[in-house]
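Next come the chains, spelled out residue by residue.
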Amino acid sequence: EAQVTQNPRYLITVTGKKLTVTCSQNMNHEYMSWYRQDPGLGLRQIYYSMNVEVTDKGDVPEGYKVSRKEKRNFPLILESPSPNQTSLYFCASSLRDAPGAFFGQGTRLTVV
Amino acid sequence: AQSVAQPEDQVNVAEGNPLTVKCTYSVSGNPYLFWYVQYPNRGLQFLLKYITGDNLVKGSYGFEAEFNKSQTSFHLKKPSALVSDSALYFCAVRDGPTGGFKTIFGAGTRLFVKA
Chain H
525 EAQVTQNPRY LITVTGKKLT VTCSQNMNHE YMSWYRQDPG LGLRQIYYSM NVEVTDKGDV
585 PEGYKVSRKE KRNFPLILES PSPNQTSLYF CASSLRDAPG AFFGQGTRLT VV
Chain V
24 AQSVAQPEDQ VNVAEGNPLT VKCTYSVSGN PYLFWYVQYP NRGLQFLLKY ITGDNLVKGS
84 YGFEAEFNKS QTSFHLKKPS ALVSDSALYF CAVRDGPTGG FKTIFGAGTR LFVKA
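In order, the protein sequences belong to chains H and V. First residue of the first sequence: 525, per the working numbering; consecutive thereafter. First residue of the second sequence: 24, per the working numbering; consecutive thereafter.
One or more of the hints may lead you astray.
[Claimed, not checked] With a straight-line cut-off of 30 Å between C-alpha atoms, the simulated BS3-like cross-links for lysine-lysine are:
#1 K581(H) <-> K595(H)
#2 K137(V) <-> K45(V)
#3 K137(V) <-> K125(V)
#4 K92(V) <-> K581(H)
#5 K125(V) <-> K581(H)
#6 K137(V) <-> K81(V)
#7 K593(H) <-> K542(H)
#8 K542(H) <-> K125(V)
#9 K125(V) <-> K72(V)
#10 K589(H) <-> K542(H)
#11 K45(V) <-> K81(V)
#12 K581(H) <-> K45(V)
#13 K45(V) <-> K125(V)
#14 K81(V) <-> K92(V)
#15 K589(H) <-> K125(V)
#16 K542(H) <-> K581(H)
#17 K125(V) <-> K593(H)
#18 K125(V) <-> K81(V)
#19 K100(V) <-> K595(H)
#20 K125(V) <-> K92(V)
#21 K72(V) <-> K92(V)
#22 K100(V) <-> K137(V)
#23 K595(H) <-> K137(V)
#24 K593(H) <-> K541(H)
#25 K72(V) <-> K137(V)
#26 K541(H) <-> K581(H)
#27 K581(H) <-> K137(V)
[What the hints assert, rightly or not] Covered, in the sense of this in silico footprint (three residues per stretch, anywhere, with C-beta under 8 Å from a C-beta of chain H), are these stretches of chain V:
#28 60-67
#29 89-95
Since the hints were derived computationally from the structure, they do not count as laboratory data. Glycine residues also receive a C-beta, built at the ideal position from the N, C-alpha and C atoms.
Please build the complete structure, drawing on both the sequences and the hints.
Structural data, given as structure tokens:
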């Protein structure tokens, strides 16, 4: 089954404790991206990647890191999480030439 | 800079009536436009896209959208609403073939369909 898989689905952590949210897709998509969803703000793009070892900032990259060492994986790293990073996070992937994106189920992160 | 506006936070329609969810956009080049739907506690699902060609695009679940370049709009429509269409709808834009995967989403419109 074609899918984008995020882990974990739910995470509660404390301020400053480094964490990684994993994202994996099984569709051989070139493009991958991370978004955060906050009430009234819609989805805002954090980082995106157009291929292996190619990443670029979206609209809200501060406080986040990403890497794309393999085509299927695109982890999101929070080196020192803060309460304002409490949000619902989505990973998405897409073919370069068929730009409708597949989304993961989301990761609800709470930073206390 | 790219931007997307969904002017209505909420749209209420009766089952069987036509529905419209509005979206306007701003982009420097030729836009790629998308509609996604989000059901409670779920990720987003792709509904339809406009890349080029016919201004009226048809998508999943009987939805369609009309690209209007002069009005910079891409409104989502359905001739006859179902209660099961109740969800959160997002419009999104990319800056055409040169914009890569940089995508801007609107704030979302919540659709309520009443039986």
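Here is what the structure says about each hint:
For the hint linking K581(H) to K595(H), the alpha-carbon distance of about 18 Å falls within 30 Å, and the restraint holds. Proximity of K137(V) to K45(V) is assessed by CA-CA distance (about 19 Å); at most 30 Å being required, the pair is judged to hold. About 36 Å separates the Cα atoms of K137(V) and K125(V), which puts this hinted pair outside 30 Å; it is violated. Straight-line distance between C-alpha atoms of K92(V) and K581(H) comes to about 28 Å, which keeps the hinted pair within the 30 Å bound.
A distance of roughly 9 Å separates the Cα atoms of K125(V) and K581(H); the hinted pair therefore holds under the 30 Å criterion. About 24 Å separates the Cα atoms of K137(V) and K81(V), which keeps this hinted pair within 30 Å; it holds. Using a Cα cut-off of 30 Å, the hinted pair K593(H) and K542(H) holds, with the two alpha carbons roughly 20 Å apart. Between K542(H) and K125(V) the alpha-carbon distance is near 26 Å, which keeps this suggested pair within the 30 Å criterion.
Restraint check for K125(V) and K72(V): the C-alpha separation of about 16 Å stays at or below 30 Å, so the hint holds. Distance restraint check for K589(H) and K542(H): the Cα-Cα separation of roughly 11 Å lies within the 30 Å cut-off, and the hinted pair is therefore satisfied. As the CA atoms of K45(V) and K81(V) are separated by approximately 16 Å, the hinted pair is consistent with the 30 Å bound. A hinted pair counts as satisfied when its Cα atoms are at most 30 Å apart, and K581(H) with K45(V) qualifies at roughly 28 Å.
Pair hint K45(V) plus K125(V) holds up; C-alpha atoms about 22 Å apart against a cutoff of 30 Å. Of the supplied pair hints, the one linking K81(V) and K92(V) holds, its CA atoms being roughly 17 Å apart against a limit of 30 Å. The hinted pair formed by K589(H) and K125(V) meets the criterion: a straight-line CA distance of about 16 Å does not exceed 30 Å. For the hint linking K542(H) to K581(H), the alpha-carbon distance of about 20 Å falls within 30 Å, and the restraint holds.
Of the pairs offered as hints, the one joining K125(V) and K593(H) holds, with about 20 Å between alpha carbons and a cut-off of 30 Å not exceeded. Restraint check: the Cα-Cα separation between K125(V) and K81(V) comes to about 24 Å, which is no more than 30 Å; the hinted pair holds. A C-alpha spacing of about 36 Å is found between K100(V) and K595(H), which places the hinted pair above 30 Å, so the restraint is violated. With a C-alpha separation of about 21 Å, the suggested pairing of K125(V) with K92(V) holds against the 30 Å cut-off.
Taken as a hint, the K72(V) and K92(V) pair is honoured in the structure, with Cα atoms around 15 Å apart against an allowance of 30 Å. Note on K100(V) and K137(V): the hinted pairing holds, with a Cα-Cα distance of about 17 Å set against a maximum of 30 Å. For the proposed pair K595(H) and K137(V), the alpha carbon gap of about 44 Å is over 30 Å, so the pair is violated. Pair hint K593(H) plus K541(H) holds up; C-alpha atoms about 24 Å apart against a cutoff of 30 Å.
Distance check on the hinted pair: K72(V) and K137(V) sit about 27 Å apart at the alpha-carbon level, within 30 Å; holds. Under the criterion of a C-alpha separation no larger than 30 Å, the hint pairing K541(H) with K581(H) is consistent with the structure, at around 23 Å. Our distance criterion of 30 Å between C-alpha atoms is broken by K581(H) and K137(V), whose separation comes to about 41 Å. For the region 60-67 of chain V, the proposed coverage by chain H is satisfied: 3 residues have a C-beta within less than 8 Å of a C-beta in that chain, meeting the threshold of three.
Beta-carbon proximity to chain H at under 8 Å applies to 0 residues in the region 89-95 of chain V; the threshold of 3 is not reached and the given coverage is violated.
The structure fails to meet hints 3, 19, 23, 27 and 29 from the earlier list, while all remaining hints are met.
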